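Using the sequences plus the hints, can you model the full thing?
Sequences listed follow chains F and X, in order.
Quick note on numbering: the working numbering labels position 16 of the first sequence as 16, and the sequence is numbered without any gaps.
Quick note on numbering: the working numbering labels position 235 of the second sequence as 235, and the sequence is numbered without any gaps.
Accuracy of the hints is not assured; some may be wrong.
Straight-line Cα separation of at most 30 Å, BS3-like style, residue types lysine-lysine; simulated pairs [stated by the list, open to error]:
1. F:K60 with X:K157
2. X:K75 with X:K40
3. F:K63 with X:K202
So these bits of chain F aren't anywhere near chain X, every CB distance computed over 10 Å [claimed, not checked]:
4. E3
5. T9
6. P18
7. N67
What the hints contain is simulated information worked out from the structure, not anything from laboratory work.
Keep in mind the model is a prediction, meaning the values are calculated, not measured.
Backbone N, C-alpha and C fix where the C-beta goes; we use that ideal spot for every residue, glycine too.
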Amino acid sequence: MAEYTITETVDITDVVCPVTFVKAKVALEELEDGDILSIRLNDGEPVQNVPRSIKEEGHKVLKLTDNGDGTYELIVRKVGD
Amino acid sequence: MAVDLAALKKGGFMRQKQKNNFSLRLRVVGGNVTAGQLAKIAETAERFGDGHVHLTSRQSIEIPFIKLDQIEEVKEFLAEGNVEPGVCGPRVRTITACQGSAVCPSGCIDTYALAKELDERYFARELPHKFKFGITGCQNNCLKAEENDLGIKGGIKVKWREEDCISCGVCVKACRTNAITLEDGKITVNESLCNFCGRCFKSCPTEAWDTINGYIVSFGGLFGNHIAKGEPVIPFIEDHDALMRICDAAIEFFDENAKPSERFKFTLDRVGRDKFIDRIMEAYNNG
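In structure tokens, the structure reads:
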């Protein structure tokens, strides 16, 4: 497993689809190529769909961890400027 | 003059309430119509109809209020724009399809290419009763495959490729049937739970899956006076030629066994699903 240092975090548990992805996308836009974003997201639809949407945008998903409280942490490396 | 309504119906002209007025059903494949065809259809509706068209529940277009004595003229006019009449009555109907993998990120098969192929192979083939094909690209089932006499649904069969996996765990959550578990860096897929949706592969950051795109075929669906969900015989068909053999076998079985005006489901119920399953398995295995 590659090591990484989190550059920025964003919490998308306070919004619902499709704003979940929009909020994550906006957070990624603020970052530089290679930066690491940690996204806190809810179980259910967000955790099912947001990782794939981020992949389809061309970024690199590194890890998904279960926080044990109905939320997850998705670690993403920004690809591109 | 006696009007042969059956012949008109066969040619796509549907009798209206209004005497000597017909609604002309057009031949549409997989729900795709070019802008040029649309322009011709619009012109036809303006000139020969009452200026509107109707979008049917199965992806066709009908031009209502065509006058009986102008039917031939309308056909010639439409032909100039590469628009053909469709069909109604006891035969293979419009082949419907979602946008499929050519356009939709969720698509697992090229539904439009398959719709064109089935259209060329079967469209308007005479049978004891109507016979509907519908093709949907994935488990989202936008095209409602199982409501057709023969429904085709795209799917992806997956096999985990350990060397490319980063154990991120995304696939475990992307799977909606809880078929995937991740333990000590190893992925296990419970094949009895997998519905071939392909979400694990599509969401995987490293695409650490070997995949086979294929077809889930259901038989005997209908959604009219009676409602029944089509049921598959084979869980997943990997091979295009096998798919075609199975479609041939199903349609021949219907042709040979159905009574006039009997939908496929009722033929299967009456003749026996076992007999049908034998026929399909024979077609599947004899490549």
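Hint by hint, here is what the structure shows:
1. F:K60 with X:K157: OK: F:K60 and X:K157 at ~24 Å, within 30 Å.
2. X:K75 with X:K40: Status holds; Cα separation ~11 Å.
3. F:K63 with X:K202: This hinted pair holds, its Cα atoms lying about 16 Å apart.
4. E3: Since the minimum Cβ distance to chain X is about 13 Å, F:E3 lies beyond 10 Å and the statement holds.
5. T9: Holds, because the least Cβ-Cβ distance between F:T9 and chain X comes to about 18 Å, which exceeds 10 Å.
6. P18: F:P18 clear of chain X: closest Cβ-Cβ about 14 Å, beyond 10 Å.
7. N67: Holds, because the least Cβ-Cβ distance between F:N67 and chain X comes to about 12 Å, which exceeds 10 Å.
Checked against the numbered hints above, the structure violates none of them.
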